[in-house]
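Asks: From first to last, the protein sequence lines are chains H and P.
Going by the UniProt record's numbering, 279 is the number at position 279 of the first sequence; the sequence numbering is gapless.
Going by the UniProt record's numbering, 87 is the number at position 87 of the second sequence; the sequence numbering is gapless.
Keep in mind that a hint or two might mislead.
Just so you know, same-sequence chains aren't split out, so a pair can sit in one copy or run between any two.
[Stated by the list, open to error] With a straight-line cut-off of 27 Å between C-alpha atoms, the simulated DSS-like cross-links for lysine-lysine are:
#1 262 x 5
#2 169 x 5
#3 304 x 351
#4 304 x 398
#5 398 x 169
Quick caveat, the hints were computed from the structure, so don't treat them as lab data.
2 protein chains.
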Amino acid sequence: MLVQKYKDMLSGKSVIRQLSEFAAARGAEIGYENVFDYSLGNPSVPAPRDFTDRMIHLLATREPVELHGYSPSLGITQVREAVAVSLEKRFGIPYRKEHIFMTSGAAGALAHAIRLVAQPGDEILTFAPFFPEYHPYVDLTGAVLRVVPPDTERFQINFEAFEELLGEKTAAILINTPNNPSGVVYSTATLERLTNILRKKQKEYGHEIYLISDEPYREIVFEGEDAPCVSWFYDNTIMCYSFSKSLSLPGERIGYVAVSPKCRDAETMIQMCGQISRGIGHNCPPSIIQLAVAQVLEETADLKVYENNRNILYKELTDIGFTCVKPGGTFYIFPKALEEDAGAFCQKALKYDLVLVPGDTFGAPGYFRMAYCMETEKVQRSLPALRRFAAEEYGYPKRG
Amino acid sequence: MLVQKYKDMLSGKSVIRQLSEFAAARGAEIGYENVFDYSLGNPSVPAPRDFTDRMIHLLATREPVELHGYSPSLGITQVREAVAVSLEKRFGIPYRKEHIFMTSGAAGALAHAIRLVAQPGDEILTFAPFFPEYHPYVDLTGAVLRVVPPDTERFQINFEAFEELLGEKTAAILINTPNNPSGVVYSTATLERLTNILRKKQKEYGHEIYLISDEPYREIVFEGEDAPCVSWFYDNTIMCYSFSKSLSLPGERIGYVAVSPKCRDAETMIQMCGQISRGIGHNCPPSIIQLAVAQVLEETADLKVYENNRNILYKELTDIGFTCVKPGGTFYIFPKALEEDAGAFCQKALKYDLVLVPGDTFGAPGYFRMAYCMETEKVQRSLPALRRFAAEEYGYPKRG
């Protein structure tokens, strides 16, 4: 018989998916350039030219049997070394290849990180607003994901609620900074307070509480932002990285787990990733992508467009009268909807060809997400629609 | 705390891995060309030139944002379509894209296929000799892998033993033809008898028994061999394919699940694969590899070398006096060791720089595997060592 839990998941259709289907259908009618599709977090800037050149060079010069051969189960040795060297240079933490496990994107990294430390009966805490795919990542291991309600003032951490949920069963805390969907970056003060609590509770409970740090947006941080490295603050940190956003390679599925060298049993944990992999059929990310990415570790796509878009949208939204925390990174912004029911709000926006995602999906009802990874010209063209929508449906901006 | 089951797996060091480490170390001493390393199943012929050309063409001509963009969770639509068309043409079975799920190699395919139909409490049966990675694939889902002892006469199926193990709890049968490690191809008679039993037992138990067909060696079949398509025989068949061997791309991690169009709920099963994927962090195989492979579906690497090697080795082994079933495909041969303890036998072979793998690993003690994916010239150079080993250690060939 088919396994019911997967069958059941089919009925819960993704809101984001439905919205992007709407956008595609509407695009077919009026031209996709006229649909202001803020629903999907796909990078809109090309991968660095250098990545393409390195790929072509590998294909043109390397002997195919070697180039396309099996990667060792933890990743290609020189690729792991290059990642470790780059991380050490960047963050001053003495990573070695023994702390690096290459994965198929952040999804692969999180699937391994969670299995390292959590099993049925355990709890993993995360903070709203949060990436909804955390649910299947955690739920299908048999552990439970518990969501700490948001700090709606600043989208940092609601510490009161956090300390209420933290308990003996907490195996790990899963954070995402810069954050999808809020665009907010956790400050030094936030990370200090969080990790002080974790250190205290580790002692109290007599077992490790791991900090799983999901960092696909690490390289998209805007000017003047305090964006510290999570691994600086806490020894038992498992960094999960993806090159999807920094190099604009979401389809090529490449990332890594980097366990802090100060983490207890760090090297064993990386070895364990190889074993987890055997069970979930992960094996390795593709050899050629590993080799090419290792040659462009210090590069990114041209990410400036996201900051420009943030500036334009943040100004317009606040001018109109939206309540909105200013994003410090990513390509998301997460304003308060103009009515309590963000689902109804986003439904009305469709009339203006504005595709927005209700915050309910991210554990923050009453808010909505805009993914502004698109050409700046299109963001600008969307502003009149945004203004009309707020004015006609809600009478914004309100007169003083 | 770290999850103990993965930690425990670290102590069980792979015999194949240890042997290939020996081969590498010995190679550093005397030159790897002088070590007759029959331990590893890595393709030895290059990927088709056309694959390289298509990759370069994609990189040189396609807009990067589109080329490297997210693949839909079931695989790129036109790639799934191309696979379905190619399968229909090849096997006359009306596959449609709705029956195809793109995976990261056969490992990814098996991880999904097993999760579709098995959960804790269920049993999956496989036939010795078998690929040892079936254990983690099945064990880590909570289901149990039960191994049917080998038919040592022909390495087809030991039906008596099979019918004893088949029961109410059997959720699926996992077969691998052409087989690693025996090199044997299941005949029409074997598959007819197997599937007749399954049909009878499905009725008797009142639930489906799925046939999971692991087919990475499908394209490596030697002349004159009866090598029928498994999906012809049984409606509830889940085909798991990989391009690793046929296109010599093991490191690029590309394959698929193809559920038979006649399988009950076939399209639902493919949709379910997308949900399983969310939990194990699989997402999709890399976009560029999907696109390139879809353009060379009708091609293979030049696989003739494996048949030549089979001919040379089979002749030499039987001349020496080994008992040996003639392989019909793959690049493996699985003779009987010249003493009862195949581990001891393979240990002695190392003195002659012959790296052989004991059959215990594959559930067939007393046998050993030779992976003859190497240049024919090297196979030929290994023959004197093989002769000396058999003569000096065991007095083969026997006189009279």
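Asks: Out of the numbered hints, which ones does the structure contradict?
Replies: 3, 4 and 5
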